[in-house]
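Enquirer: So the chains spell out like this:
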Amino acid sequence: MPYDIKVNGAVRTVDVDGDTPLLWVLRDVLGMTGTKFGCGMALCGACTVHLDGVATRSCITPVGSIANSEITTIEAIGASAAGARIQKAWLDLEVVQCGYCQSGQIMSATALLASKPQPSDSDIDAAMSGNICRCGTYLRIRAAIKQAAQATRQGG
Amino acid sequence: MILDRVASPAAKPVQPSANDISRRSFLQASAAAGGGLMLSLRLPFPVAAADAADSDAFAPNAFVRIDRDGQVILTMPYVEMGQGTYTSIPMLIAEELEVELSQVRLEHAPPNEKLYANPLLGVQATGNSNAVRGAWQPLRQAGAAARAMLVSAAAKRWNVEPASCRALSGEVVHPPTDRRIRYGELAAEAARLPVPEGVALKQPKNFKLIGTPAKRLDTPAKVNGSAVYGIDVRLPGMKFATLAQSPVFGGRVKRVDDTAAKAVKGVRQIVRLDDAVAVVADHMGAAKKGLAALAIEWDEGSHAKLTTSDIAGELERATLKPGAVAQNIGDVDKAMAGAAIKVEATYQVPFLAHATMEPMNCTAHVRSGACEVWVGNQAIARVQRAAAEAADLPVEKVVVHNHLIGGGFGRRLEADGAARAVEIAKHVDGPVKVVWTREEDIQHDMYRPYWFDRLSAGLDQKGMPIAWNNRFAGSSVIARWLPPGFNNGLDPDSTEGAIDLVYDLPNLHVEYVRVEPPGIPTAFWRSVGPSHNVFVTESFMDELAAAARQDPVAYRRALLGKSPRARAVLDLAAEKSGWGQPLPAGVGRGVALQFVFASYMAHVAEVEVAKDGAVRVRRVVCAVDCGTVVNPDTVRAQIQSAIIFGITAALHGEITLKDGRVQQTNFDTYQMLRMNEAPAIEVYIVSSLEPPGGMGEAGTSLIVPAVANAIFAATGKRLRKMPADAATLRQPI
Numbered sequence: 001m002p003y004d005i006k007v008n009g010a011v012r013t014v015d016v017d018g019d020t021p022l023l024w025v026l027r028d029v030l031g032m033t034g035t036k037f038g039c040g041m042a043l044c045g046a047c048t049v050h051l052d053g054v055a056t057r058s059c060i061t062p063v064g065s066i067a068n069s070e071i072t073t074i075e076a077i078g079a080s081a082a083g084a085r086i087q088k089a090w091l092d093l094e095v096v097q098c099g100y101c102q103s104g105q106i107m108s109a110t111a112l113l114a115s116k117p118q119p120s121d122s123d124i125d126a127a128m129s130g131n132i133c134r135c136g137t138y139l140r141i142r143a144a145i146k147q148a149a150q151a152t153r154q155g156g
Numbered sequence: 001m002i003l004d005r006v007a008s009p010a011a012k013p014v015q016p017s018a019n020d021i022s023r024r025s026f027l028q029a030s031a032a033a034g035g036g037l038m039l040s041l042r043l044p045f046p047v048a049a050a051d052a053a054d055s056d057a058f059a060p061n062a063f064v065r066i067d068r069d070g071q072v073i074l075t076m077p078y079v080e081m082g083q084g085t086y087t088s089i090p091m092l093i094a095e096e097l098e099v100e101l102s103q104v105r106l107e108h109a110p111p112n113e114k115l116y117a118n119p120l121l122g123v124q125a126t127g128n129s130n131a132v133r134g135a136w137q138p139l140r141q142a143g144a145a146a147r148a149m150l151v152s153a154a155a156k157r158w159n160v161e162p163a164s165c166r167a168l169s170g171e172v173v174h175p176p177t178d179r180r181i182r183y184g185e186l187a188a189e190a191a192r193l194p195v196p197e198g199v200a201l202k203q204p205k206n207f208k209l210i211g212t213p214a215k216r217l218d219t220p221a222k223v224n225g226s227a228v229y230g231i232d233v234r235l236p237g238m239k240f241a242t243l244a245q246s247p248v249f250g251g252r253v254k255r256v257d258d259t260a261a262k263a264v265k266g267v268r269q270i271v272r273l274d275d276a277v278a279v280v281a282d283h284m285g286a287a288k289k290g291l292a293a294l295a296i297e298w299d300e301g302s303h304a305k306l307t308t309s310d311i312a313g314e315l316e317r318a319t320l321k322p323g324a325v326a327q328n329i330g331d332v333d334k335a336m337a338g339a340a341i342k343v344e345a346t347y348q349v350p351f352l353a354h355a356t357m358e359p360m361n362c363t364a365h366v367r368s369g370a371c372e373v374w375v376g377n378q379a380i381a382r383v384q385r386a387a388a389e390a391a392d393l394p395v396e397k398v399v400v401h402n403h404l405i406g407g408g409f410g411r412r413l414e415a416d417g418a419a420r421a422v423e424i425a426k427h428v429d430g431p432v433k434v435v436w437t438r439e440e441d442i443q444h445d446m447y448r449p450y451w452f453d454r455l456s457a458g459l460d461q462k463g464m465p466i467a468w469n470n471r472f473a474g475s476s477v478i479a480r481w482l483p484p485g486f487n488n489g490l491d492p493d494s495t496e497g498a499i500d501l502v503y504d505l506p507n508l509h510v511e512y513v514r515v516e517p518p519g520i521p522t523a524f525w526r527s528v529g530p531s532h533n534v535f536v537t538e539s540f541m542d543e544l545a546a547a548a549r550q551d552p553v554a555y556r557r558a559l560l561g562k563s564p565r566a567r568a569v570l571d572l573a574a575e576k577s578g579w580g581q582p583l584p585a586g587v588g589r590g591v592a593l594q595f596v597f598a599s600y601m602a603h604v605a606e607v608e609v610a611k612d613g614a615v616r617v618r619r620v621v622c623a624v625d626c627g628t629v630v631n632p633d634t635v636r637a638q639i640q641s642a643i644i645f646g647i648t649a650a651l652h653g654e655i656t657l658k659d660g661r662v663q664q665t666n667f668d669t670y671q672m673l674r675m676n677e678a679p680a681i682e683v684y685i686v687s688s689l690e691p692p693g694g695m696g697e698a699g700t701s702l703i704v705p706a707v708a709n710a711i712f713a714a715t716g717k718r719l720r721k722m723p724a725d726a727a728t729l730r731q732p733i
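So the protein lines, in turn, are chains F and X.
Residue numbers for the first sequence follow the working numbering, so the first one is 1 and each next one is one higher.
Residue numbers for the second sequence follow the working numbering, so the first one is 1 and each next one is one higher.
For the record, the hints were derived by calculation from the structure and aren't laboratory data.
Do not rely on the hints blindly, as some may be mistaken.
[Claimed, not checked] Incomplete in silico selection of chain X near chain F, CB under 8 angstroms: (1) A188; (2) R192; (3) N206; (4) P220; (5) Y229; (6) D232; (7) R234; (8) L235; (9) F240; (10) M284; (11) A355; (12) F645; (13) A678.
Glycine included, each C-beta is placed from N, C-alpha and C at the ideal position.
Whenever a hint applies, use it, and build me the whole structure from the sequences.
Expert: Here you go:
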């Protein structure tokens, strides 16, 4: 049956089974390929999106379970203050290598920064350890989150 | 970064001679390309339909093109997979061409091994950490020749001596008269000049770009979701497919019940191949659901009972018989007979999967007499051949579009995924994107070989090594991938890191026994041969130091009389790590040293082993001499990356077989190092004017023995079989 979902502020109608993971609705039905497939079991975090601001693994989120929640993806995360700071810090510190996991990393980091503007190292571990980076950019991710937090503190 | 042109690079293949990288051959190639594969970095220029057939364009060689409108286009023979090659290679050309990095646009080279083969490999491929090494001379020369022609064209126009002109930021200037003219305005005139030979390259002291921390050109698109990887390709009318391949390598499909799968909403078609079944659907969600609903009965074939221990046993037995002599120095047997102390050990390393974050995928469209493929691959000429074979078409009928790579690590030097996609696409009307599930990706990888090594050494009365014997057995990836590279039972990859050691060893004998494991395919994996050899060599060197009751750094240092660059990185790593300073109980430091991929590197790892045997790498100090550094920020990033990659292998990495099946399936059973486990990493770069060494992989091979040696320092337990096993490190209660 058709489902109406709110993606990045726009209502989109998709005609798929209710158990279809949001990931495939975004990527294949709506053509928003910034959200990535990594494992299909919520083990790697590549597919992370926000549902009402909460970092959520879209690969195990059935489209039929979303109802009126606001979905935000990497394509629109730069519109939020936290997202823009995270993206800037990512560029300033050259975090990215192959880049495939970075959509998910940025979505997790943005949700962290939005809920905890000054995260500790253990906050970062807790929020980010679900996101695998095979290129091993973890050190720069941690540094970039701290830089973005500093920019938040300075109102930048 | 976007893919803004549909290419047909193979529509009219050009066959210039290997040495004929001339303007004419490139213009032919470009004309055939009809605009080429434009991987356009949306940096300074709007996406333009650069017309390579433009007769007024200036294209002195296969790498540089300057259009009339001043657009500088660099054709990239290497592919970006995170290693920064889309920045470091343009830096080489831009340095000599005298343009800013921000003035260039990149184009991905079409499959053409004559023009774009890596000089160090002889084939068009990105691997073995040799893009910068291979490009160092030719791409700077390409830039220099172009610059000289532009200067000549300007001098001719002004009727002045070329020597009185100079090139600067995309212009030729004539300081005495303060005249200047942009490259684009000179393109047509420069194109009519002969290509000069042997233009002098810049002295390092005059470098403006090389050695500076340039911003990566591919990064902006990777932080906003707009970067297009192979898996992101979208085409009109495209279907989505996923597949189940025989769980036992070499097995066949016996029977398929697809009734339930066909009933899944969105499933369009079931494709049955000899050894795989694919579900074609409107989206991957439906394809996966359909795949789960398939009932497939397999004829498992001859490997149905295979286990890892069968393979390890065969390798172990192989090391009892002579192999091909990879290196012999002096007389090991004689020296061993006179040794005061003898040390013997065997080592084993497991099969490893690549587990690139972007699962294997390829999009294919097979039409009557033609085939088109969209993929991210390290070796696209190989993809073109594999697709042609699968489609039963001549190679020139196959068009390959290359994309950004979401992790290569050697996996995407292979074309099996492209061949598979074409096999499926032959049965599908229209384009089909074939995406492997993570489980298929791990269970049908092509694996880093299992290796078994048998070593012995003799020490003199002072404890120094006078005899070194090493015989190892395992698969030769080169023998399959690049057969001419396998000669007399040897290949340069399988032996790298086991021979030509930095140490003064007066009597050394190394043999390799090639044994191909049944029922499991092998392939290159980040740091390739050294991923195995350096672990063994540097662990065994540590054993010798322990047998001699000497400090591992001092012991190595005493053997480095002929290797000042190796000694320098060892000293630097030791100093920066605080080598010798006390550590808490359960914590140890381990050192390892190597010269592979033409770079010298030393690591000191600091490791904590808990009472339950859990290992945590707390800190890694790396000192590197990789010759001239092109982009120092990328060198640091690659070393950090390679260390994390290697720690994953040292602590978690192991692919095992039972009943012919790979037992690991996803990131729960094939674990990756995560943020909370990542150590602090410090990188110290030794300044050098030597030619550049490779940087993509060296950090991986070296960290494994550094961690193993640190575990020995912390616990007294020597790990001779990877990965580290908590059960063997657990302290008795």
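Enquirer: Next step is simple, just say for each hint if it's right about the structure.
Expert: Structure-based check of all given hints:
Below 8 angstroms, beta-carbon pairs count as interface contacts, and A188 (chain X) has none with chain F, the closest being about 38 angstroms; its hint is therefore violated. Proximity of R192 (chain X) to chain F is violated relative to the hint, the smallest CB-CB distance being about 42 angstroms (cut-off 8 angstroms). With a least beta-carbon distance of about 26 angstroms to chain F, the hint placing N206 (chain X) at the interface is violated under the 8 angstroms criterion. With its C-beta approaching chain F no nearer than about 7 angstroms, P220 (chain X) sits inside the 8 angstroms limit, and its interface hint holds.
The beta carbon of Y229 (chain X) is positioned within 8 angstroms of a beta carbon in chain F (closest approach about 6 angstroms), and the interface hint is therefore held. With a cut of 8 angstroms, the hint placing D232 (chain X) at the interface with chain F holds, because the nearest CB-to-CB distance is about 4 angstroms. Interface hint at R234 (chain X): satisfied, since its Cβ lies 6 angstroms from the closest Cβ of chain F, which is below the 8 angstroms cut-off. Look at L235 (chain X): its Cβ only gets to about 11 angstroms from chain F, farther than 8 angstroms, so that hint breaks.
With a least beta-carbon distance of about 6 angstroms to chain F, the hint placing F240 (chain X) at the interface is held under the 8 angstroms criterion. This hint holds: M284 (chain X) has a C-beta 5 angstroms from the nearest C-beta of chain F, less than the 8 angstroms allowed. With a cut of 8 angstroms, the hint placing A355 (chain X) at the interface with chain F holds, because the nearest CB-to-CB distance is about 6 angstroms. Interface hint status for F645 (chain X): upheld, as the beta-carbon distance to the closest one in chain F is roughly 6 angstroms, under 8 angstroms.
The interface hint given for A678 (chain X) is met, as the beta carbon of that residue sits about 4 angstroms from the closest beta carbon of chain F, less than 8 angstroms.
Comparing the model with each numbered hint stated earlier shows that hints 1, 2, 3 and 8 do not hold.
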